[in-house]
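Asker: Here is how the chains run, residue by residue.
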Amino acid sequence: MTVLRRIIVNGLLAFLVCGSLYDITRDQEHWPFSQYPMFSGIWRATTFRWYRLVGVRDDGGEVVLDRARYIQPFDQSRLHLAFVQLALRSDADKAIHAAVANCLARYERQRTLGEHDGPPLRAMRLYLLEWHLDPEARNVDHPDGRQLVAEARNVRGYEVQ
Amino acid sequence: MKFSRSAIEAWNRFWFDPGPATRLGLARAVFCLVAFLFYLPHDFSEWATAAPFWMPIWLFDNLHLPVLSVTSLAAAQSIWKLSLALTGIGLFTRASNVVAAVLGTYLLGLPHNFGATQHYDTLVVFALWILAFSRAGDAYSLDALRRRAQHRRQRPTFDAEYSWPIRAMWVMTALMFFGAGTSKLRHSGIEWALSDNLQLLLVRAYYHVSDGDPLTSLGLTVARHAWLSRAIACGALALETLYLVTLFSRRLRPFVGIGGMFFFVGIRALMGPTFEPYLVCGLFLIPWHRAEAAVLRVLYNARSYAPHAAGDPTGAGHVPTAAASSSSVRSAAGH
Chain A
1 MTVLRRIIVN GLLAFLVCGS LYDITRDQEH WPFSQYPMFS GIWRATTFRW YRLVGVRDDG
61 GEVVLDRARY IQPFDQSRLH LAFVQLALRS DADKAIHAAV ANCLARYERQ RTLGEHDGPP
121 LRAMRLYLLE WHLDPEARNV DHPDGRQLVA EARNVRGYEV Q
Chain B
1 MKFSRSAIEA WNRFWFDPGP ATRLGLARAV FCLVAFLFYL PHDFSEWATA APFWMPIWLF
61 DNLHLPVLSV TSLAAAQSIW KLSLALTGIG LFTRASNVVA AVLGTYLLGL PHNFGATQHY
121 DTLVVFALWI LAFSRAGDAY SLDALRRRAQ HRRQRPTFDA EYSWPIRAMW VMTALMFFGA
181 GTSKLRHSGI EWALSDNLQL LLVRAYYHVS DGDPLTSLGL TVARHAWLSR AIACGALALE
241 TLYLVTLFSR RLRPFVGIGG MFFFVGIRAL MGPTFEPYLV CGLFLIPWHR AEAAVLRVLY
301 NARSYAPHAA GDPTGAGHVP TAAASSSSVR SAAGH
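From first to last, the protein sequence lines stand for chains A and B.
If you're matching positions, the first sequence starts at 1 in this note's numbering and goes up one per residue.
If you're matching positions, the second sequence starts at 1 in this note's numbering and goes up one per residue.
Rather than coming from a laboratory, the hints here were simulated on the basis of the structure.
Heads up, the beta-carbon is just placed ideally off N, CA and C, and yes, glycines get one too.
Hints are not guaranteed to be accurate.
Stated by the list, open to error - If you only want the chain A side, here are some residues facing chain B, beta carbon under 8 Å, derived:
hint	residue
1	VAL17
2	PRO32
3	SER34
4	PRO119
As the list claims (entries may be wrong) - According to the in silico footprint, chain A covers these stretches of chain B (three or more CB under 8 Å from chain A):
hint	stretch
5	50 to 59
6	183 to 191
7	213 to 224
To be verified - From the structure, some residues in chain B lie toward chain A, with a derived Cβ separation under 8 Å:
hint	residue
8	GLU46
9	PRO111
10	VAL171
11	ARG204
12	VAL209
Same shape as in the complex, but just chain B:
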């Protein structure tokens, strides 16, 4: 009884510790706008012409989802991209979010029905659904400005509503890394890192076998040195398997998180697979409200030292904190 109560308390503390609306609002804006720009040139409509390759995955099979026609796919992707942009700027945020999640799941899932399930966009789908259930439009959004202009009841600026979506993205990212690490250990054991495996994979990558060719020839250079290949493989395996530590260690989180981003950049540069969508999702995890606070501090200091402000006694020595600057921006943005 005592154990279950403390487990529930730990669960609630982890997910529902109150957080600032600005953090989620900024994460939504950055993630959705970058995702919009990233997917803007992508054309999903050609999948309608590849019928002989159709091999539906469980989601499409169970929901009896067909391949739409070229025209319908073109329309669906236009609506999806528009909904991403609207979610980014926070206009009709809730509705746009739901449309982005539903159409995003269909469009991003569609290619996997043609012979191979690849894994570069799963986090994007999770992010869209997490946002669809969240109150991500309460800050840094046109909706918030409209709400203020219409003198409607303001949302709280600090609430549990703004923490759980960020934590959910932490958890899904950590589980993705953990899954990849444990898959390697399950299928190959530690030999995955200590054998010639990565050397051979690196060389093979230069034979046009991936969805993208390596961006550099560094992979061949690394493959020439067995010790270097093994060291990188050990590092990659350790990072993947131990990524879960980011959920519990505030101190290690930024280092492991940045390591994860470099991991994807390294794969793209050395091996080719296009994991860019994971980098886009990584933007969700960056505490943008702290970057915002730092920028505001710089601006504030610049203004404080300006000749016209030199005589202002209230400004001397006062530097905005993350919370203070968040609220000042909120007032400026109409919160």
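Extracted from the complex, chain A is given alone in its bound form:
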């Protein structure tokens, strides 16, 4: 191993170790460095609220989009956290509506391409659902409360507005 190689490798090692230790000691995140804060808080409440997209079929019935294939490339965790972030913005209403419309447009495009088996939707709604935790999770499909946050309509033949 040449001296130059050893210098380069030592530089890389120092960067990786110091970058990781910096984020861990400062409780900060500079992806891919991280302090890995997942699940670090304490859950004490037996209720929780979660953003969930709901589709509106042509007959007016609602279909909960709680399967990842309907909200690709998002997943239920990232989508919820993204809406939490959008809700903190000064233009939250506008930003959230644009985001729901974006999800509807993508859902419909993926459906027409056969990438999922969901029904055609005339609208998509964003609800903030609330559950009281059931030890068997029997109420997963029947939340104890729900608040409509935004709705985007699908005008057939046109872009989603």
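Using the hints provided, position chain B relative to the given structure of chain A.
Answerer: What follows is chain B alone, placed relative to chain A:
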């Protein structure tokens, strides 16, 4: 002066103790080929259509990295997956490695710009960069075969070059566990393990709140027993916080390392989060050259006891060691 000299010596001894080229070569091959198969079905191109959610993380913000178009992302991910496969088989290893690291950082980092930074792929990025700086293509690679066929100068079979990448993955894995453990202690203290916290988390996991649903209903069973939830939480916290011991204790390393793998399997089964990429990275840490030696020993013994070899006096009682079998395979593979 004396202290700084001994610290430098300890640093050099830890990172640059000579090791076999086969260990790194096999780790590269297994890790990259499994990563290739794992990411093959992943499609990153849809992120190009999610503009209203764009909230860049510091890396993308500071480097002014944009979201590429659907077509460009599709092309980038194809090149990335190809580079992973090429690195796996060891063809144009150095160039493939660098491409895999650069594109991997962009593609794996991209989803984190859409509302939430998740942590399941950080080790993959570190592994790719560590490989990009290493000489991982010196053994078990098509490059090594080509080098031999062209009668070019052979690389050493035992060198410091082949140790530091493995050690770097040990350290980054240990720091990841340590960070997760200390985050829990910092934000919640020991209450994290001794309260109802894990019981509630386990039940909540069955409400479709994660990037993956739990693979089993065992989480609900565990959550019914407070003592069991707390025992598991204590075990998880202890494992995370004390994982650093693997860096210094050769004896404890395999037990803690296997414990870490079970930890991720347990999270996936009971809670849902998809930490599979960490399992892929775990493949990097397995001493494959020892598995190879064991397989060769079995093959050698089988051949020794075969009727046609019964009269071979040189084979009697001789079982290949890890080093011997490594070199025999090296010669077979063109080293």
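Asker: The structure should be examined with respect to each hint, and the outcome stated for every one.
Answerer: Against the structure, the hints:
no.: 1; hint: VAL17; in the structure: holds (6 Å)
no.: 2; hint: PRO32; in the structure: holds (4 Å)
no.: 3; hint: SER34; in the structure: holds (6 Å)
no.: 4; hint: PRO119; in the structure: violated (19 Å)
no.: 5; hint: 50 to 59; in the structure: holds (count 8)
no.: 6; hint: 183 to 191; in the structure: holds (count 6)
no.: 7; hint: 213 to 224; in the structure: holds (count 3)
no.: 8; hint: GLU46; in the structure: holds (4 Å)
no.: 9; hint: PRO111; in the structure: holds (7 Å)
no.: 10; hint: VAL171; in the structure: holds (6 Å)
no.: 11; hint: ARG204; in the structure: holds (6 Å)
no.: 12; hint: VAL209; in the structure: holds (6 Å)
The structure is inconsistent with hint 4 alone, although it conforms to all the rest.
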